[in-house]
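Starting from the known structure of chain A, fit chain B onto it as the hints suggest.
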Amino acid sequence: MPADDSVSFSSVTVTLAGFPALLNLSFEVEAGETVYLRGPNGAGKTTLLRTLAGLEKPTRGSAMVLGVELPGGERSLRALAGMMGTRSHLYEDLTVAENLDLARRLLGISSSRIDDAAELFGVRGRLWKQKVASLSAGQKRRVALAGLVAKNPRIWLLDEPHSSLDAAGRDLLDKLIVEATKRGAIAFVATHEAEAGRAGGRVLEMVGGTVRAEAREASPGDEGPASEVPE
Amino acid sequence: MIRRAWAVARKDMLIEVHSKVALNQVIPFALAVLLTFGFALDTRNQLLAEIAPGLFWVVVLFSSLYLISRSFRVERENAAMEGLVLYGIDPMAVFFGKLAALALQMFVLEAVAAAGIVILFNPPVGSLGLLAISAVAATLAIGSIGLVYGALSSSEQSGESLLPLLVIPVLAPIVISAAKCWSDAESAGAGIYDPWLKIVAIFSAVFLAVGAAAFGPAMED
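Chains as they are written, first to last, in the working numbering: chain A, 1 to 231; chain B, 1 to 221.
Worth double-checking, as some hints may not be accurate.
As the list claims (entries may be wrong) - One-sided and incomplete, this derived list gives chain B residues near chain A with beta-carbon spacing under 10 angstroms:
#1 R3
#2 V8
#3 R10
#4 S19
#5 L23
#6 I27
#7 V74
#8 A80
#9 V85
#10 I89
These are calculated hints, taken from the structure and not from any lab test. By construction, the Cβ of each residue, glycine as well, lies at the ideal position given by its N, Cα and C atoms.
Just chain A, with the same shape it has in the complex (with noise of 0.2 angstroms):
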């Protein structure tokens, strides 16, 4: 039985206007755990984000993702995960301070909460009172990522997150994304990067919508080579 703050698929399914985007997906990940998704366009990667984000239903097979069965508990899920994926969410007619304000008034959360997130990613100053419209997707992409933060997911979702932030916005969201895992959070990055993994964690790669092999990589300060296991 799978603890409320793992995942676990057992032949999921999931399919799309016809298409099996993902095939009989079968892993598990514990708590702590930082998984990245690696494979070329079409392997699946997006699907499995949004399947564990609650936004698709496995056609087939069951998952348990933080205690929240799948299919039939997808709206739950919701609200315990985190997800970054190629869209901002934003709104373009509204200002930074606005989007971020109605994200505080929909998680119930406080103004400090969001405050502090605004500020860590650099958004809080002169962006502050500019409409999203304005912005370039680097910036956007830094808006959303405070929304996310002030979430404080269980579960972070991430689409390849590094594109269009600069080098410091990288290193900065791999640094939270180590510290939401320190903290029992799960973390799964999709990314084309050849570097995936540099922060530690295991590498699923993924071909056709499964996973065709694994692999640990160390993280910055372990001892000893990354091992491949394949499937």
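Structure of chain B alone, referenced to chain A:
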């Protein structure tokens, strides 16, 4: 749920405050249609006073479709609606929040259009109460059904052009009933016990219930 519905309503109203789409585009559109009818049919013509209720509700319906389309266009940009879904909130909170903001914009639109009708066509007004109550009930009905179809069609590529085709046949009964109500309100003895008001009220209650129940699946689709 009320706190979150208010957050959604506030967000939609802030978007209107910043973009001024209703103010700069929808209300002028409604007035332009009324003016066109006025000039085309001659403002001195008694016919205009007679058809004013029907004309008013047709103008409100078409203008509302623009507001509904706009309400979902902002949700499509950056997949913002998906962002709302990811907060894990009850879709009913989103429905009632969006309905409140839409209804408020429609009330402003209706007030301006009604003033335009009075100035251009000078119809008699027998019962302001009947006008107001039927307008509130019809607005909630149009907004409820419009939001469900707006959510359904927003995921389609041709959704915006599809919306009128889907919504107008469904809303035709409420528009006809509301127009009949307003026709009755022109007579001196009219009051809130008008039989057409009962029909408008029933449609409004049914559409509101159907809208609240159907919006969740439509939004999460």
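Here is what the structure says about each hint:
1. R3: It holds, given that the least Cβ distance between R3/B and chain A is near 7 angstroms, below 10 angstroms.
2. V8: This hint holds: V8/B lies near chain A, its Cβ roughly 8 angstroms from the closest one there, short of 10 angstroms.
3. R10: holds (8 angstroms)
4. S19: holds (5 angstroms)
5. L23: The hint is violated - L23/B has no Cβ within 10 angstroms of chain A, the shortest such distance being about 14 angstroms.
6. I27: This interface hint is violated because 18 angstroms lies over the 10 angstroms limit.
7. V74: Hint holds; V74/B Cβ to chain A Cβ min 6 angstroms, cut 10 angstroms.
8. A80: holds (5 angstroms)
9. V85: holds (6 angstroms)
10. I89: I89/B check passes; min Cβ-Cβ to chain A is 6 angstroms, inside 10 angstroms.
Of the numbered hints stated above, those contradicted by the structure are hints 5 and 6, listed in ascending order.
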